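For reference, the chains in residue letters:
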Amino acid sequence: SNSVKQTGQITVSEGASVTMNCTYTSTGYPTLFWYVEYPSKPLQLLQRETMENSKNFGGGNIKDKNSPIVKYSVQVSDSAVYYCLLGPPSYGYCEKSGGSNYKLTFGKGTLLTVNP
Amino acid sequence: DSGVTQTPKHLITATGQRVTLRCSPRSGDLSVYWYQQSLDQGLQFLIQYYNGEERAKGNILERFSAQQFPDLHSELNLSSLELGDSALYFCASSVRDGIEAFFGQGTRLTVV
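Going down the list, the protein sequences come from chains C and Y.
Going by our numbering, the first residue of the first sequence is number 1, and it counts up by one from there.
Going by our numbering, the first residue of the second sequence is number 1, and it counts up by one from there.
Derived by calculation from the structure, the hints in this document are not laboratory data.
Certain hints may be false.
[Unchecked claim] Computed from the model, here is a short list of chain Y residues facing chain C with C-beta under 8 Å:
1) 2
2) 42
3) 56
4) 58
5) 97
6) 100
7) 104
8) 105
[Claimed, not checked] Derived pair list, reagent style DSS-like, types lysine-lysine, alpha-carbon separation capped at 25 Å:
9) C/5 with C/108
10) C/65 with C/108
11) Y/57 with C/5
12) C/63 with C/41
13) C/108 with Y/9
14) C/41 with C/65
15) Y/9 with C/41
16) C/5 with C/65
17) C/65 with Y/9
18) C/63 with C/5
19) Y/57 with C/108
If you're wondering where the values come from, they're calculated on a predicted model, not measured in any experiment.
Even glycine gets a Cβ: it sits at the ideal position worked out from N, Cα and C.
All chains should be modelled from the sequences, with the hints used to inform the complete structure.
Written as structure tokens, this is what we have:
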């Protein structure tokens with residue numbers, strides 16, 4: 001079955017660069033989404049990583065079962081909860097992944113606190 | 001504004017009762033997803049509908065059901081409510097699988 005693991009909390013100072021990890025277990029080649037949750041706002045999409053665009057993202061990639069998100073020069077306003085979501089494979093990898101019947105799975109979220 | 005509308009925003013009800021949560025997806029989106037966010041379980045996928053048909057099922061209890069109507073809005077029905085059902089229920093919509101989904105602001109359900 002699918003599972004997603006994220007670092008629980010990260011605290012940094014303004015101006016720092018932050019890498020938030022998302023490691024997962026699944027079969028095939030899923031799509032990895034990153035969403036951010038600001039207080040009282042709907043979840044917003046930050047990043048969508050597929051096998052086709054995986055090389056554009058820093059750090060690990062889908063083949064490594066690791067899809068981090070990197071934020072550079074963070075500001076206090078970046079303080080939020082960041083969620084990683086495991087989703088169905090992109091169209092080109094659907095058959096190689098044994099079909100698109102993926103159970104959408106969220107990680108528990110990383111609480112990022114940026115101090116001034 | 002994500003374009004996904006959920007009503008009501010807040011709901012307080014008693015144990016044993018039944019409630020219906022409503023979601024209007026973004027214009028043109030055929031997929032609707034329901035999620036439950038609770039303190040202990042985090043964000044959990046409940047169920048997905050695509051163009052009126054159930055497409056994927058997650059950790060949805062038998063006491064819960066959903067449907068998507070011809071106009072593509074969706075309802076999540078929660079019955080025989082228990083204290084542990086208190087949570088934030090999100091709806092999201094997308095054009096199709098595997099691409100970004102847009103989330104509504106959620107319905108906060110409190111069961112007392």
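Comparing the hints with the structure gives:
1. 2: Holds, because the Cβ-Cβ distance from residue 2 of chain Y to chain C comes to roughly 5 Å (cut-off 8 Å).
2. 42: 4 Å, holds
3. 56: The hint holds - residue 56 of chain Y has a Cβ within 8 Å of chain C, the shortest such distance being about 7 Å.
4. 58: Holds - the Cβ of residue 58 of chain Y comes within 8 Å of chain C, reaching about 6 Å at its closest.
5. 97: 5 Å, holds
6. 100: 4 Å, holds
7. 104: Cβ of residue 104 of chain Y sits 6 Å from chain C, so the hint holds.
8. 105: 5 Å, holds
9. C/5 with C/108: 7 Å, holds
10. C/65 with C/108: Within the cut-off at roughly 17 Å; holds.
11. Y/57 with C/5: 21 Å, holds
12. C/63 with C/41: With a Cα-Cα distance of about 32 Å, the restraint between residue 63 of chain C and residue 41 of chain C is violated, given a limit of 25 Å.
13. C/108 with Y/9: Distance ~23 Å between residue 108 of chain C and residue 9 of chain Y Cα, so the pair holds.
14. C/41 with C/65: 29 Å, violated
15. Y/9 with C/41: 12 Å, holds
16. C/5 with C/65: This hinted pair holds, its Cα atoms lying about 11 Å apart.
17. C/65 with Y/9: Since the Cα atoms of residue 65 of chain C and residue 9 of chain Y sit roughly 37 Å apart, the hinted pair is violated (cutoff 25 Å).
18. C/63 with C/5: 16 Å, holds
19. Y/57 with C/108: 19 Å, holds
In terms of the numbered hints stated before, the structure departs from hints 12, 14, 17, listed from lowest to highest.
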